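Engineer: Those protein sequences? They're chains A and B, same order as listed.
Read in order, the letters of the first sequence are residues 1 to 315 in my numbering.
Read in order, the letters of the second sequence are residues 316 to 758 in my numbering.
Hints were generated in silico from the structure; no laboratory data involved.
Mixed in with the good hints, there may be bad ones.
[As the list claims (entries may be wrong)] Lysine-lysine pairs mimicking DSSO-like chemistry, simulated, CA-CA at most 27 Å apart: (1) B:Lys592 <-> A:Lys209; (2) A:Lys284 <-> B:Lys351; (3) A:Lys64 <-> B:Lys347; (4) A:Lys193 <-> A:Lys225.
[Unchecked claim] Not everything, but these chain A residues come out facing chain B in the computed CB check (under 7 Å): (5) Ile53; (6) Ser54; (7) Thr150; (8) Ala154; (9) Gln164; (10) Gly243; (11) Val301; (12) Ala304.
[Unchecked claim] Over 10 Å on every C-beta distance to chain A, these chain B residues come out as not near it, computed from the model: (13) Leu400; (14) Asn495; (15) Val511; (16) Lys563; (17) Arg569; (18) Arg603; (19) Ala715.
Predicted, not measured: the structure shown is a model, and the values here were computed from it.
Where is the CB? At the ideal position from N, CA and C, for every residue including glycine.
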Amino acid sequence: MAFFGIFGKEKKDRLDDGLQKTRENVFSRLSRAVVGKSKVDDEVLDELEEALISSDVGVETTLKIIERLEERVRRDKYIGTDELHNTLREEISLMLDEYKSEKLPDIENTKPYIILVVGVNGVGKTTTIGKLASRFKSVGKTVVLGAADTFRAAAVDQLKIWSQRAGVEIVEHGMGADPASVAYDTAIVAKSKNYDVAIIDTAGRLHNKVNLMNELSKIKRVIQKVIPDAPHEVLLILDASTGQNAFEQAKQFTAATDVNALALTKLDGTAKGGVVIGISDQFKVPVKYIGIGEKIDDLQVFNASEFVDSLFKNK
Amino acid sequence: MFEGLSDKLEGAFKRLKGQGRITEINISETVKEIRKALLNADVNYKIAKDFTDSVKEKAMGQDVLKAVSPGQMMTKIVHDELAELMGGVSQDINLKPNPSIILMSGLQGSGKTTFSAKLASFLKSKKGRQVLLVACDVYRPAAINQLKVLGEQIEIEVYSEEGNQDPVKISKNAVAHAKNYGINTVIIDTAGRLAVDQEMMDEISRIHKAVNPAETLFVVDAMTGQDAVNTAKAFNDILDFDGVVLTKLDGDTRGGAALSIKTIVNKPIKFVGIGEKIDAIDVFHPSRMADRILGMGDIVSLVEKAQEQYDEVEARKLQKKLAKNQFTFDDFLKQIQQVKKMGNVKDLMGMIPGMGKAMKDVEIDDDAFKGIEAIIHSMTPAERDDPSLMNGSRRKRIAAGSGSTIQDVNKLMKQFDDMRKMMKMISSGGGRNAMRNLKQARR
Ligand SMILES: Nc1nc2c(ncn2[C@@H]2O[C@H](COP(=O)(O)OP(=O)(O)OP(=O)(O)O)[C@@H](O)[C@H]2O)c(=O)[nH]1
Ligand SMILES: [Mg+2]
Numbered sequence: 001m002a003f004f005g006i007f008g009k010e011k012k013d014r015l016d017d018g019l020q021k022t023r024e025n026v027f028s029r030l031s032r033a034v035v036g037k038s039k040v041d042d043e044v045l046d047e048l049e050e051a052l053i054s055s056d057v058g059v060e061t062t063l064k065i066i067e068r069l070e071e072r073v074r075r076d077k078y079i080g081t082d083e084l085h086n087t088l089r090e091e092i093s094l095m096l097d098e099y100k101s102e103k104l105p106d107i108e109n110t111k112p113y114i115i116l117v118v119g120v121n122g123v124g125k126t127t128t129i130g131k132l133a134s135r136f137k138s139v140g141k142t143v144v145l146g147a148a149d150t151f152r153a154a155a156v157d158q159l160k161i162w163s164q165r166a167g168v169e170i171v172e173h174g175m176g177a178d179p180a181s182v183a184y185d186t187a188i189v190a191k192s193k194n195y196d197v198a199i200i201d202t203a204g205r206l207h208n209k210v211n212l213m214n215e216l217s218k219i220k221r222v223i224q225k226v227i228p229d230a231p232h233e234v235l236l237i238l239d240a241s242t243g244q245n246a247f248e249q250a251k252q253f254t255a256a257t258d259v260n261a262l263a264l265t266k267l268d269g270t271a272k273g274g275v276v277i278g279i280s281d282q283f284k285v286p287v288k289y290i291g292i293g294e295k296i297d298d299l300q301v302f303n304a305s306e307f308v309d310s311l312f313k314n315k
Numbered sequence: 316m317f318e319g320l321s322d323k324l325e326g327a328f329k330r331l332k333g334q335g336r337i338t339e340i341n342i343s344e345t346v347k348e349i350r351k352a353l354l355n356a357d358v359n360y361k362i363a364k365d366f367t368d369s370v371k372e373k374a375m376g377q378d379v380l381k382a383v384s385p386g387q388m389m390t391k392i393v394h395d396e397l398a399e400l401m402g403g404v405s406q407d408i409n410l411k412p413n414p415s416i417i418l419m420s421g422l423q424g425s426g427k428t429t430f431s432a433k434l435a436s437f438l439k440s441k442k443g444r445q446v447l448l449v450a451c452d453v454y455r456p457a458a459i460n461q462l463k464v465l466g467e468q469i470e471i472e473v474y475s476e477e478g479n480q481d482p483v484k485i486s487k488n489a490v491a492h493a494k495n496y497g498i499n500t501v502i503i504d505t506a507g508r509l510a511v512d513q514e515m516m517d518e519i520s521r522i523h524k525a526v527n528p529a530e531t532l533f534v535v536d537a538m539t540g541q542d543a544v545n546t547a548k549a550f551n552d553i554l555d556f557d558g559v560v561l562t563k564l565d566g567d568t569r570g571g572a573a574l575s576i577k578t579i580v581n582k583p584i585k586f587v588g589i590g591e592k593i594d595a596i597d598v599f600h601p602s603r604m605a606d607r608i609l610g611m612g613d614i615v616s617l618v619e620k621a622q623e624q625y626d627e628v629e630a631r632k633l634q635k636k637l638a639k640n641q642f643t644f645d646d647f648l649k650q651i652q653q654v655k656k657m658g659n660v661k662d663l664m665g666m667i668p669g670m671g672k673a674m675k676d677v678e679i680d681d682d683a684f685k686g687i688e689a690i691i692h693s694m695t696p697a698e699r700d701d702p703s704l705m706n707g708s709r710r711k712r713i714a715a716g717s718g719s720t721i722q723d724v725n726k727l728m729k730q731f732d733d734m735r736k737m738m739k740m741i742s743s744g745g746g747r748n749a750m751r752n753l754k755q756a757r758r
């Protein structure tokens with residue numbers, strides 16, 4: 001938990017900007033649906049269904065949220081339109097909060113803390129690593145990056161530029177090298193030079209490619225040869241614009257590498273952050289970071305209540 | 316979460332069965348399932364609603380013919396309607412003016428750079444064009460280098476300007492360069508941008524005006540969710556693009572975004588990206604996409620593949636044994652060999668509608684067979700013939716002989732038993748039902 005402290009005050013207004021669209025979407029609809037009414041009726045629930053599904057929450061999770069809401073109404077007999085927003089916030093917050101990042105090792109007592117970054121093509125793995133490196137460094141942590149994407153054209157160059165921007169060391173064997181051996185060497189360097197944090201980039205891969213997923217498992221095993229309880233964090237990057245396939249990504253990457261943290265990128269776009277709710281709820285893996293732009297400081301630690309707040313905040 | 320539509324409809328159709336005519340009452344459950352399936356496939360909320368409304372209208376009042384089940388009939392109505400929406404025939408790329416300029420646009424990470432290289436290679440090899448690739452992503456680290464590396468691989472010139480931060484100027488200069496050297500095709504790769512980023516949208520609009528492309532393509536990730544409509548609309552409002560490219564279709568996404576985009580901007584989907592290699596590009600097939608969104612699977616190719624590999628005679632022998640419940644460990648071994656010949660079992664099974672989901676819970680990988688084979692090889696012929704002989708001491712001996720544990724042997728015995736049950740069900744009914752029954756039996 002101490003880790004959250006590292007990032008200090010988040011630029012909340014930025015997150016608010018990013019989420020503007022989602023909020024307007026859900027909110028304008030809901031307000032329209034509840035005007036002049038004093039309880040949640042079918043029409044409101046229909047509007048809610050549309051709003052949630054249009055935000056990529058997914059059918060199942062949406063139905064779950066609606067069920068919880070209906071249960072509340074049944075229990076409390078009466079729910080006013082004002083209460084609706086609060087209740088909604090509570091219920092969704094609960095789904096996100098139930099499985100907080102307690103399972104993650106404490107970074108303050110783990111050295112080197114190894115992070116393996118995985119995800120499908122183009123979701124923002126390398127960019128997130130650059131941002132993370134910079135954030136860790138800014139709080140006085142020493143960082144080394146591992147360029148284990150040796151496949152995509154110019155991937156090593158891309159990470160190198162980020163390492164320069166963040167001012168941290170990089171371990172690289174060039175393009176075409178064995179990714180497992182890059183990961184291995186990164187762990188060795190992190191251990192022998194006593195680094196606080198090592199972050200290993202991997203090539204984007206679609207989760208239904210068995211061989212590529214096996215390669216990831218191998219990378220993980222190889223890291224464990226150096227540090228048996230590593231990687232301490234397996235960070236799955238999800239693109240916020242991804243639809244229901246994100247669930248399948250979470251499932252398959254978890255099967256291959258025991259993902260224990262998620263990052264949701266590109267929330268500065270149309271910010272349908274709804275996908276987080278469903279995945280966090282279904283896979284019991286916490287969302288740890290969100291990406292809100294292409295610049296080096298466009299990264300925030302995910303905070304469930306703030307997230308839901310921004311989603312449903314009045315005006 | 317990801318059952319195919321055909322799978323879900325099956326349940327809904329049960330309610331329709333035995334009724335002579337499709338009516339409001341007997342169709343409402345079916346329509347709901349169709350809608351849910353479309354939403355799970357990422358079809359936009361409103362579009363899914365409109366679609367099911369129109370399907371309902373088409374189906375209403377139709378007589379259910381004797382020859383087909385109501386289920387088959389509904390499937391056909393849904394499929395035809397969807398295929399039509401996806402755009403009847405595939406459409407070609409416009410290469411008329413000289414040089415013909417192709418401009419790429421899209422969000423970050425959608426796959427523009429990779430696709431630019433694929434298209435360049437495609438046009439060079441399939442249409443005999445001389446192509447110039449232009450690197451206009453001056454923002455993302457190493458983006459220019461990425462295009463250069465790809466260009467080298469496919470032996471196509473890449474135009475870039477070191478230090479020039481103005482993509483509008485770079486693209487103009489590139490076109491002039493192409494004209495100077497008599498290059499007849501120019502593909503301009505641009506930086507990914509968000510539709511809500513005013514400055515960046517303005518930039519691509521200026522590139523568009525400056526080079527006046529014959530073909531502007533909107534590149535979109537097939538995994539895109541509900542947001543697809545907003546993004547496609549925003550890019551179309553600014554660029555009035557000519558076609559859509561759907562990337563990463565080699566994944567397992569159902570690709571409902573394709574339907575949403577087609578509906579909202581009414582522009583043809585022209586190409587699809589189906590892998591990371593340069594030649595992993597295909598023209599768009601509307602009907603196949605309709606099947607995919609519906610989760611109907613690619614039955615045709617499954618049948619072809621299976622036919623190629625499956626030994627007809629063996630299969631018939633097996634069928635007889637199954638019917639008589641004489642399936643033995645030797646048959647099991649033969650089965651394993653057959654299966655291995657057919658390649659990735661999961662891939663294969665995934666092509667059967669409704670089977671993909673079922674197979675996800677059944678772990679099969681080729682290595683898994685090794686242990687099984689070793690154990691069976693350690694059995695005496697009598698044991699292989701009659702599994703009921705397998706008492707504790709025999710199991711112990713077999714475990715030692717095959718270098719496995721007693722638990723492994725027990726597990727195999729259990730698997731064999733399950734397999735026998737499943738085989739029996741398959742031989743007496745559809746494979747899909749067998750799967751379901753098996754799962755229920757386990758519970
Ligand atoms: N707007 C926005 N863009 C982002 C964000 N994160 C990453 N990107 C952009 O998304 C694109 C892809 O990012 P990469 O970091 O290269 O993605 P990747 O997952 O490493 O990609 P591959 O290695 O090719 O699989 C780049 O253009 C990034 O600038 C974000 O939070 N917001
Ligand atoms: Mg990368």
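Engineer: If a hint holds in the structure, say so; if it does not, say that too.
Structural biologist: Right, here's what the structure says about each hint:
1. For the proposed pair Lys592 (chain B) and Lys209 (chain A), the alpha carbon gap of about 14 Å is at most 27 Å, so the pair holds.
2. For a cut-off of 27 Å, the pair hint linking Lys284 (chain A) to Lys351 (chain B) stands: about 24 Å separates their Cα positions.
3. For the suggested pair Lys64 (chain A) and Lys347 (chain B), the alpha carbons sit about 17 Å apart, so the restraint of at most 27 Å is met.
4. Pair hint Lys193 (chain A) plus Lys225 (chain A) holds up; C-alpha atoms about 17 Å apart against a cutoff of 27 Å.
5. Contact between Ile53 (chain A) and chain B, as hinted, is supported at the beta carbon level, the nearest pair being about 5 Å apart and thus within 7 Å.
6. With a least beta-carbon distance of about 5 Å to chain B, the hint placing Ser54 (chain A) at the interface is held under the 7 Å criterion.
7. Taking 7 Å as the C-beta cut-off, the interface hint given for Thr150 (chain A) is violated, the closest approach to chain B being about 12 Å.
8. A distance limit of 7 Å between C-beta atoms decides the matter here; for Ala154 (chain A) the minimum to chain B is near 4 Å, and the interface restraint holds.
9. Because the smallest distance between the Cβ of Gln164 (chain A) and any Cβ of chain B comes to about 9 Å, over 7 Å, the interface hint for this residue is violated.
10. For Gly243 (chain A), the shortest C-beta to C-beta distance to chain B is roughly 3 Å, which falls under 7 Å, so the interface hint holds.
11. For Val301 (chain A), the interface hint is violated, since its Cβ never comes within 7 Å of a Cβ in chain B; the closest pair sits about 22 Å apart.
12. Restraint check, Ala304 (chain A) versus chain B: the minimum CB separation of about 21 Å is more than 7 Å; hint violated.
13. Taking the minimum C-beta to C-beta distance to chain A, about 18 Å, the non-interface status of Leu400 (chain B) holds against the 10 Å cut.
14. No Cβ of chain A approaches the Cβ of Asn495 (chain B) within 10 Å, the least distance being about 27 Å, so the stated non-interface status holds.
15. Distance check for Val511 (chain B) against chain A: the nearest CB is about 6 Å away, which does not clear 10 Å, and the non-interface claim fails.
16. The claim that Lys563 (chain B) is not at the interface with chain A is violated, since a C-beta of that chain comes within 10 Å of its own (minimum 6 Å).
17. Residue placement check: Arg569 (chain B) does not keep its beta carbon more than 10 Å from all beta carbons of chain A (closest about 8 Å).
18. Here Arg603 (chain B) stays apart from chain A, with its beta-carbon at least about 17 Å from theirs, past the 10 Å limit.
19. Residue-level check passed: Ala715 (chain B) sits 29 Å from the nearest beta carbon of chain A, beyond 10 Å.
The earlier numbered hints that this structure contradicts are 7, 9, 11, 12, 15, 16, 17.
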